[in-house]
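Top to bottom, those sequences are chains A and B.
In terms of our numbering, the first sequence opens at residue 1 and continues consecutively.
In terms of our numbering, the second sequence opens at residue 1 and continues consecutively.
Errors might be hidden in some of the hints.
[Stated by the list, open to error] From the structure, some residues in chain B lie toward chain A, with a derived Cβ separation under 8 Å:
1. Phe9
2. Thr60
3. Gln63
4. Val81
5. Ile89
6. Gly91
I should point out that these hints are in silico values taken from the structure, not numbers from a laboratory.
In this text, a Cβ means the ideal position worked out from N, Cα and C, and glycines have one as well.
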Amino acid sequence: MVNDVRIAGVGMTKFGASPERTSRDLFSQAAGEAFADAEVQPQDIEELYYGNFMGEFAETQGHQGPLMADAAGVDAPATRVESACASSSAAVRMGVDKIRSGQADIVLVGGAERMKNISTAEGTEALSAAADALWEIRAGVTFPGAYSLMANRYFHEFGGSREDLAHIAVKNHENAVNNELAQFNKAIEIDDVLEAPTVSAPFGLYDCSPMSDGAAAAVLVSDSFADEHGLDTPVEITGVGQGSDSLALQDRESMIETPAASDAGQMAFDDAGIDRSDVDIAEVHDCFTIAEALALEALGFYEPGEAISAAREGETTIDGELPVNLSGGLKAKGHPVGATGCAQISEMTKLLRGDHVNSDAVSDASVGLTHNAGGTVASCVVHILEEVDQ
Amino acid sequence: MSDARHAGFDDFLDALEEGEPYYLEGTEGDGYLPPRRIDPATGSQELTEEPLPDTGEVLTYTQTHVASPEFADDAPFVVVVAEFGPVQITGQLREQEADEIEMGQEVEIGIDHTETHDKRVVVFTPA
Chain A
1 MVNDVRIAGV GMTKFGASPE RTSRDLFSQA AGEAFADAEV QPQDIEELYY GNFMGEFAET
61 QGHQGPLMAD AAGVDAPATR VESACASSSA AVRMGVDKIR SGQADIVLVG GAERMKNIST
121 AEGTEALSAA ADALWEIRAG VTFPGAYSLM ANRYFHEFGG SREDLAHIAV KNHENAVNNE
181 LAQFNKAIEI DDVLEAPTVS APFGLYDCSP MSDGAAAAVL VSDSFADEHG LDTPVEITGV
241 GQGSDSLALQ DRESMIETPA ASDAGQMAFD DAGIDRSDVD IAEVHDCFTI AEALALEALG
301 FYEPGEAISA AREGETTIDG ELPVNLSGGL KAKGHPVGAT GCAQISEMTK LLRGDHVNSD
361 AVSDASVGLT HNAGGTVASC VVHILEEVDQ
Chain B
1 MSDARHAGFD DFLDALEEGE PYYLEGTEGD GYLPPRRIDP ATGSQELTEE PLPDTGEVLT
61 YTQTHVASPE FADDAPFVVV VAEFGPVQIT GQLREQEADE IEMGQEVEIG IDHTETHDKR
121 VVVFTPA
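Looking at chain A on its own, in the form it has when it is part of the complex (with noise of 0.2 Å):
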């Protein structure tokens, strides 16, 4: 039999600029969060899975899962996830599938990233490794630079504009006005957007994410663990999907299709048991605006070609027909590499629970999708979290 997955409890920093926060001070602060939501205390943990990134670059630190347990209080098998920009939803998918082998009952599960205290350039610089480092990087190719190649084939295909990206920036610091977690908590124009200077053609500072310091974390449960112990677990993963492709762009038949994002959707959907149909809001990987569409027509929301228009045309927006990235995004909550796919679990558990501040605008929301990308999605991880009775 297996075990339904329920969360227990999630927490995370405030992302943004901390750049003196070492990681490991930004993931204890996240798994204390996550452990005082669940009423769970560090030494209950079984397993720890953490994502990280660029801590090598960024920290001249590896070896960080048992760093990680320690700073959390926890002392069981801690193990590092890297997946580039997905390690920590790796992370999550690794804990739910120890909870449902039955080989543990309570995980921790997070990640986290320390960005600021490096330059611009020594930060793209880092990112750049999550592309394939000889066709790549040895070419010039930077992270804005590798989706803005995306960027400009879709446009040469599919026709869109800069102003239908911008509408994705737009509404993303919309959502995140009034969120306190936000990196960024200020409302941008179409012309904002539009005149930012520019970083690789098509896309403009306001077209990429930030770089961030922050850390998240969740602590899974078996749903007998939590009955057993009482613990208030309204939201459960029931779907886990994770997809893979190239490394390089060159190496892929087409440049405007992420399937690593659409074999993760179906896997996520199937394991669910539901249909696309059913997902009422979704956090997707916006690491820049055009992975916003790219993720919607990956995932079978739109069609190839149409999700470009989604927010301009309202349908992706708080009162769309189905809300994206009601916590603002990677674009206006930050990037902290490896923390991003937990955070986004963080934010859709609060989003169905009830207590995020965006929660009353999707009071009827049940079942919620997360989308997290690594690189140019040739890692994609994609869970199904749902409202259920207890």
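Starting from the structure of chain A, add chain B where the hints point.
Below, chain B without anything else, positioned relative to chain A:
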């Protein structure tokens, strides 16, 4: 990255400098760039070197202004992905302005060196 050679990749750059670029062909005609030992299309480990077509077609491009330190003195520069028969290759555009490049235009492949560290980089020029 260290200055050690990267077998396969640097062999390809050497061949490019010598004017004899190649790709690796699988048993069903799929193309790959080195280093590669297994054909993901078939699982076969029989890959043969074939001459790279003389010209490629631009699939996409971007002009990058914010570069990593490795390319700090090169910015802004244009990155292109071009299709040469069964393989697609990433490189930088030379001898053409960013606002003149067009999707589908033909390019030739070659080798140049970066301004920043004088390292070899794959480049494309208008055919």
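Next item on the list: Report holds or violated for the interface hint on B/Gly91, using the least CB-CB distance to chain A and a cut-off of 8 Å.
Entry: holds, 5 Å
Item checked: Interface hint status, B/Ile89 versus chain A (Cβ within 8 Å) -> Holds. Min distance 6 Å.
Check: Should the interface hint for B/Phe9 be scored as holding, given a Cβ-Cβ cut-off of 8 Å against chain A?
Finding: holds, 4 Å
Notebook entry, point to check: Holds or violated: B/Val81 as interface residue toward chain A, Cβ cutoff 8 Å?
Noted result: Given a least distance of 5 Å, the restraint on B/Val81 holds.
Checklist line | Status of the B/Gln63 interface restraint (C-beta, 8 Å, chain A) | finding: holds, 5 Å
Check: Measuring from the C-beta of B/Thr60 to each C-beta in chain A, is the shortest one below 8 Å?
Finding: holds, 4 Å
Against the hints set out earlier in the document, no violation occurs for any number.
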